[in-house]
Amino acid sequence: MQYILFQPEMLDDVIAFLDKNITERYSPQIFSKIHNLWPEGFIIGTINNEIKSLICGAIVSHSKKLRILLVVVSSEYRLQGYGKQLMDDLSKVARSKDCKRVSLEVRNESRAIAFYTKLHFSKVDYIPCYYQDGTDAIVMEKEL
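Going by this note's numbering, the first residue of the sequence shown is number 142, and it counts up by one from there.
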């Protein structure tokens, strides 16, 4: 997998990738805003110029915390280390910006909880009805 930074001309492909791989729907403008706020925080994984994974996050400046907004790996590439690579790459960039912690939200019944736990995240909070379909979220954090 080749990792590149998101570019605005990739927006339609990103939306199509997300539509195939997750149930949550996002306004395209959110990705442009994320890119404008922190371009290094939006990493795309491609194979043969097709998006197969992505991660995006934002730095909460007053707290020096990285907030991961999305981590998505296409189903045929899961459990092969690509998600971990994305997490490692984004964490490295965040540390270079003096971030001390990282947080994310995950669906309360998601298999991804085990993935994040292996990466040393801990459950720190619970948010009822967080997702568009009413599913609850678990907030997970770790030190960088």
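Honestly, the hints are just simulated from the structure, not real lab data.
Wrong hints could be hidden among the right ones.
[As the list claims (entries may be wrong)] Capping the alpha-carbon separation at 27 Å, the derived lysine-lysine pairs in DSSO-like fashion look like this:
| hint | residue 1 | residue 2 |
| --- | --- | --- |
| 1 | 264 | 241 |
| 2 | 233 | 206 |
| 3 | 206 | 238 |
| 4 | 259 | 238 |
| 5 | 205 | 225 |
| 6 | 283 | 174 |
| 7 | 241 | 205 |
| 8 | 264 | 238 |
| 9 | 161 | 205 |
| 10 | 225 | 264 |
| 11 | 259 | 283 |
| 12 | 206 | 241 |
| 13 | 193 | 174 |
| 14 | 233 | 283 |
| 15 | 238 | 283 |
| 16 | 225 | 238 |
| 17 | 264 | 206 |
Those earlier numbered hints the structure runs against, lowest number first: Going through the list in order, the structure violates hint 9 alone and respects the others.
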